[in-house]
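K.L.:
Could you build all of it, start to finish, from the sequences and the hints given here?
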Amino acid sequence: MLDISTHKIAQVVLMSRELGRAEGELRAFLERMTEDELTSLVALMWIGRDSFAPEELSEAIETARNEATTPTADYLLGTPHLSDHLENGADALGISLGDDEDDLIRGG
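Whatever position you read off the sequence shown (first residue = 1), add 113 for the numbering used here.
These are computed hints drawn from the structure, not numbers from a lab.
This one's a predicted model, so the numbers in the text were calculated from it and none came from an experiment.
Beta carbons: idealized from backbone N, C-alpha and C, even for Gly.
Treat the hints with caution; some may be incorrect.
Listed next, with one range per pair, are the computed distances between beta-carbon atoms [said to hold, decoys possible]:
1. Ser171 / Arg219: 26 to 36 Å
2. Asn179 / Gly220: 36 to 46 Å
3. Glu169 / Asp197: 12 to 22 Å
4. Glu131 / Gly211: 13 to 23 Å
5. Ser164 / Met114: 13 to 23 Å
6. Arg145 / Ile208: 18 to 28 Å
With a cut-off of at most 16 Å between alpha-carbon atoms, the simulated EDC-like pairs for lysine to aspartate or glutamate come out as follows [claimed, not checked]:
7. Lys121 / Glu138
8. Lys121 / Asp212
9. Lys121 / Glu144
10. Lys121 / Asp215
11. Lys121 / Asp216
12. Lys121 / Asp149
P.N.:
Take a look at the structure:
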């Protein structure tokens, strides 16, 4: 089970799509997250890039928690195709981000 809301995942996805323009905002957003939220975000990204299968979510979370060697914001911001990996991970886990993304785009 992920320890992060779909709303926060959607915010990271939208900001990471505009990384050139929104890197500072995304970094600040990530740095305000809890360790559990960041760990879940890393695990979700790993599932989305096929480093772990969806059924290995618990293992991905545990690995993210135990193997963190750099600040998580730096790690995520340095990951190519972050938004794609997060969306793919959400899809693989059956999590829909569409409504949250639509709400954020509309300013909700």
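K.L.:
So, for every hint listed, does it hold in this structure?
P.N.:
We went through each hint and held it up to the structure:
no.	hint	in the structure
1	Ser171 / Arg219: 26 to 36 Å	holds, 35 Å
2	Asn179 / Gly220: 36 to 46 Å	holds, 39 Å
3	Glu169 / Asp197: 12 to 22 Å	holds, 20 Å
4	Glu131 / Gly211: 13 to 23 Å	holds, 18 Å
5	Ser164 / Met114: 13 to 23 Å	holds, 19 Å
6	Arg145 / Ile208: 18 to 28 Å	holds, 22 Å
7	Lys121 / Glu138	holds, 13 Å
8	Lys121 / Asp212	holds, 12 Å
9	Lys121 / Glu144	holds, 13 Å
10	Lys121 / Asp215	holds, 13 Å
11	Lys121 / Asp216	holds, 12 Å
12	Lys121 / Asp149	holds, 13 Å
Every hint from the earlier list agrees with this structure, and none is contradicted.
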